[in-house]
Amino acid sequence: MRTAKLAVLALSLSACGVSQKEFAAKDAELLKYQKMYGEQTKQTEVLQNKVAELDVNLAATQTRLKAVEDEKAQVEARASSLAVSNAQRERLAQALERQIKDGQVEISELRGKMTVKLKDKVLFASGSASLNKDGKKALDAVADAFKDLKDRNVIVAGYTDNVPVGKQGAFQDNWDLSTARAVAVVRYLQSKGVASTMLGAVGFSQFRPVAPNDTPANKSLNRRIEIALTAADYIPPTIEVPK
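With our numbering, the residue at position 1 of the sequence shown is 1, and numbering never jumps.
No lab work stands behind these hints: they were computed from the structure. Hints may be right or wrong, so weigh each one.
Said to hold, decoys possible - Listed next, with one range per pair, are the computed distances between beta-carbon atoms: (1) K147 with R98: 33 to 41 Å; (2) Q62 with R98: 54 to 62 Å; (3) K167 with P212: 34 to 42 Å; (4) P164 with K192: 29 to 37 Å; (5) A59 with G193: 48 to 56 Å.
Computed from a predicted model, the values in this text were never measured in an experiment. Built from N, CA and C at the ideal position, the CB exists for glycine as well.
Let the hints inform the model, and build the full structure from the sequences given.
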């Protein structure tokens, strides 16, 4: 078909005074440019595919970079939290040195969470949720260490042994007793300047012992108050009160 067309074109060109040699040269030149155009088109497609691949790689790199930056921020926040916890721990340890030496108070820190553990006899008389003199003194040191903190949680947890409370007492059971003691500690810390928005109280009764309730010594370990200082997971909104 092409040959026929070329023959017709050749006759037309011949009629116009164009030789077959000149026509063949033009035809060869046309084929040359057609080939070059095809090669350029393929190169363009290859480059476009390469650009698309680079875009995908760039997006993946940006995602990884964002993950690294987020992890870095978490590490820095944790380091800051640990620094605060360590400073508070040293401060508390100095203030409660006597109670710690007497085995009445323990201070521990794990993964950014600092816990002050106080035996119940340091704070309360048996079966009571009223703070005694030594208990208030110990809590004064805790309050002094915590009252200037921000964006933290101070959670007070009460625990008992498995001995039922007396039926004639002020509490129905160990749930009541452990919770009332935790609340009493919270109220005292609040009265000493620890922000209410940081404080919380919870009672665990006898159901989270640290030792078997099989000896008086172990039961004494289970009767305790734990005050945990952690990074805040909730910051209440500021509410403007109409005047």
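Structure-based check of all given hints:
1. K147 with R98: 33 to 41 Å: About 21 Å separates the Cβ atoms of K147 and R98, which means 33 to 41 Å is violated.
2. Q62 with R98: 54 to 62 Å: At roughly 56 Å between Cβ atoms, R98 and Q62 fall inside 54 to 62 Å, so the hint holds.
3. K167 with P212: 34 to 42 Å: This hint is violated: roughly 25 Å between Cβ atoms.
4. P164 with K192: 29 to 37 Å: Taking Cβ atoms as reference, P164 and K192 lie about 33 Å apart, which means the hint holds.
5. A59 with G193: 48 to 56 Å: About 51 Å separates the Cβ atoms of A59 and G193, which means 48 to 56 Å holds.
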